[in-house]
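Participant: The chain contents come next:
Number of protein chains: 2
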Amino acid sequence: MTTAWTLARRAHKMNPSVIREILKVTERPGIISFAGGLPSPQTFPVAAFADACARVLRDDGPGALQYAASEGYAPLREWVAAQLPWPVDPAQVIITTGSQQGLDLVGKVLIDAGSRVLVETPTYLGALQAFAPMEPEPVGVASDAEGPDLQDMKKLAGSGADAARFFYLLPNFQNPTGRSMSEARRADLVAQAAHLGLPLVEDNPYGDLWFDQPPPLPLTARHPEGGIYLGSFSKVLAPGLRLGYLVAPKSIVPKLLQAKQAADLHSPSFNQRLVAEVLKDGFLDRHVPSIRALYKAQCQAMLAALQHEMTGLGLTWNTPDGGMFLWVRLPAGMDAMALLPRAVDRSVAFVPGTAFYADHADPRTLRLCFVTASVAQIQAGVAALAQAVRDMTQLEAA
Amino acid sequence: MTTAWTLARRAHKMNPSVIREILKVTERPGIISFAGGLPSPQTFPVAAFADACARVLRDDGPGALQYAASEGYAPLREWVAAQLPWPVDPAQVIITTGSQQGLDLVGKVLIDAGSRVLVETPTYLGALQAFAPMEPEPVGVASDAEGPDLQDMKKLAGSGADAARFFYLLPNFQNPTGRSMSEARRADLVAQAAHLGLPLVEDNPYGDLWFDQPPPLPLTARHPEGGIYLGSFSKVLAPGLRLGYLVAPKSIVPKLLQAKQAADLHSPSFNQRLVAEVLKDGFLDRHVPSIRALYKAQCQAMLAALQHEMTGLGLTWNTPDGGMFLWVRLPAGMDAMALLPRAVDRSVAFVPGTAFYADHADPRTLRLCFVTASVAQIQAGVAALAQAVRDMTQLEAA
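Read top to bottom, the protein sequences are chains D and G.
Mapping the first sequence onto the working numbering, position 51 (from 1) lands on 997, and the numbers just tick up by one.
Mapping the second sequence onto the working numbering, position 344 (from 1) lands on 1290, and the numbers just tick up by one.
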């Protein structure tokens, strides 16, 4: 009478991350968390959503609550196509259940077991997790402050049956590092990828969150036939609606759409109509500047706190031009994973960088999110983190 | 400069169905469609949702719009566990983006390329599509009006490395046939599956839509360790919110949860809170009886129309005890796929049954949905269908 559950081979590779387990303690009251990737809830346009709910349900409640087309709500697809900075036909747009689902669909359509997939060093952990069920072999392309090393990309792209299926990239205010790809690197990368016949999968959830000036043109805008572009409403409106989109060459759309239909039939029609309603009349043009100003101030507060608290401790960090994260490197010999429990003892949390590497992880790195905590919390949290670093230094000296 | 998009092997198996293409014409005005699987929009509790939207956004708007746990909103998981007719720990419940996503997650965790998966004859097309990206070999178990043939199940279950990974079943008012599994067949099937060590995946979107009496106890209730159970809010509240759930043995939950997190991080937190709010205070006990009464009346109208219009034409059909569908068999020699364009010429549409078979399709079968069209449309549509059958008969005689 014991049922013989046999798991798929891929399921053995799907394990709760050690980091996620450690970070569960960060939910306990009193912990200042720089670990999450949550947008600041004060940026959510609650009143605009309340109005939109009332209007959508009043004007066509039954329609908004019914099953709908797998590709998404036509006015929302048209809005997406119209606001992108290159010519896009709404027929190329599929609305997804968050841009995370876009990664799942791309994986299903483009990855076979054993397929090589190129990613940045480091890269978004959620993309590695989304691709994992398709059993790829992710390979990290060496990357510097301006973006991926193109010599390394060329070396790893392969050819013929061994060719990488695509290169997954986050050019704007990347998660986890907060870095952005320079104009020159974008131009070179797109030209060389096109020359190699290497498809690009461009993920852009943070591109609107720039501090002083917009980032350079997306990669896909430079060679639309060579890329799939993923966007999200999570950072400019609210993540709890789970809405994103993908834009693909017309030859790939039918397969992605089949995968979408099989995955969840369609993204919630009610949410799609809400977002289309909120976006009317240029709402984002009024709303997003307030998010930019808030995040810039929070980022500056964290940079000032790091400058103030970390002097002489041997840490380095970058200065993001937008987004939600910055990237810290500990002094030689210090391991971020070992630092984490000491930081939690001091009531502050972060994510060790090792989780974000496909291979050759740098154990000295860690990610700090500067948008969830308040400025006062940022100051207290960075001071506590400095204390934890001192604890480690003393421990290692002892 | 041409990018070498290489599709995954599975993508070549993912093709838009011929039927879907034919049915696109059914969206044109004037066509009476029995083809869809859409709940009647007049059953959607629009006012209750409008109230819930206002309350949820007023009480904790930022919380409802923020990222949330992959397993789902705790009060909703508790509600699901409490209302199921066997002891379920909320920790066994994962909220999914429609029960369609439950099928995707089950496929990812339990199916390897080439794995045998047992299904009913016929079975839900969407399940075949959800499993397809994992490249199983679906095999139909012979089925009669009471449910699957247990001798055939035993023969096809296999053993050792060749054992079927699971048997996918819709015991209540099945899509596409509308049939239900008898009490005796349920008891025997569960006992024999447990004896064989064959896991069951039980899909129950329609179980609450009974006409005169509730269906027998679910399969999973009889042997919880041997089954994964999928439920949905689409038929009792509204499909446009895309919310369902799965209940699994505790040993399988962590893998399903990893797959859920990778697929879309979590189902929309706003929608989960809305549904939890609407469900409070026994809402379904007041609401669902009105759906049952409506669907029963619609089903009776369709049965009466079939009786009236089809006399002497050699068709047979079943008498469902609930749900949304009934199943028709054409006279010997007549093909439902060939009938469809003639029916569309007469302004009525249905789904040919062949789409719903894993193998050995019966080309004489077709599915009629009785809940979307009005009673007047049902009468006119069935009369038109009878005329199309006469057209075919004359054509064949000519």
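These aren't lab readings, by the way, just hints derived from the structure by calculation.
As the structure is a computational prediction, the values presented were derived from the model and not from experiment.
Keep in mind that a hint or two might mislead.
As the list makes no split between identical chains, a pair holds if one copy fits it or if it spans any two.
What the hints assert, rightly or not - Simulated pairs of lysine to any residue, SDA-like, Cα-Cα distance not exceeding 20 angstroms:
1) Lys-1101 to Arg-1288
2) Lys-1196 to Trp-951
3) Lys-1196 to Thr-949
4) Lys-959 to Arg-1288
5) Lys-1101 to Glu-1024
6) Lys-1100 to Gln-1323
7) Lys-970 to Gln-1246
8) Lys-959 to Glu-1081
9) Lys-1226 to Pro-1160
10) Lys-970 to Val-1199
11) Lys-959 to Asp-1058
12) Lys-970 to Gln-1097
Participant: Now tell me, hint by hint, if it's right for this structure.
Facilitator: Verification of the supplied hints:
1. Taking CA atoms no more than 20 angstroms apart as the test, Lys-1101 paired with Arg-1288 passes in neither setting, with 40 angstroms inside one copy and 59 angstroms between copies.
2. In this assembly of identical chains, the alpha carbons of Lys-1196 and Trp-951 lie at most 20 angstroms apart only when taken from different copies (12 angstroms versus 40 angstroms within one copy).
3. With identical chains, the CA atoms of Lys-1196 and Thr-949 are at most 20 angstroms apart between copies only, with a shortest distance of 13 angstroms across copies and 45 angstroms within one.
4. Within a single copy, Lys-959 and Arg-1288 get their C-alpha atoms no closer than 29 angstroms, and across copies no closer than 51 angstroms, so neither meets the 20 angstroms cut-off.
5. Proximity of Lys-1101 to Glu-1024 under the C-alpha cut-off of 20 angstroms is found in neither arrangement, the shortest distances being 39 angstroms within a copy and 52 angstroms between copies.
6. In the homo-oligomer, the alpha carbons of Lys-1100 and Gln-1323 never lie at most 20 angstroms apart, since the shortest distance is 44 angstroms inside one protomer and 63 angstroms across protomers.
7. Taking the closest pair of Cα atoms, Lys-970 and Gln-1246 never come within 20 angstroms of each other, the shortest separation being 28 angstroms inside a single copy and 54 angstroms across copies.
8. Proximity of Lys-959 and Glu-1081 under a CA criterion of 20 angstroms is satisfied in both settings, with 9 angstroms inside one chain copy and 18 angstroms between copies.
9. Taking the closest pair of Cα atoms, Lys-1226 and Pro-1160 never come within 20 angstroms of each other, the shortest separation being 22 angstroms inside a single copy and 46 angstroms across copies.
10. In the homo-oligomer, the alpha carbons of Lys-970 and Val-1199 lie at most 20 angstroms apart only across protomers (18 angstroms), although the nearest pairing inside one protomer, at 39 angstroms, exceeds that limit.
11. Within a single copy, Lys-959 and Asp-1058 get their C-alpha atoms as close as 15 angstroms, and across copies as close as 13 angstroms, so both meet the 20 angstroms cut-off.
12. In this assembly of identical chains, Lys-970 and Gln-1097 lie within 20 angstroms of each other by CA distance neither inside one copy nor across copies; the values are 40 angstroms within and 49 angstroms between.
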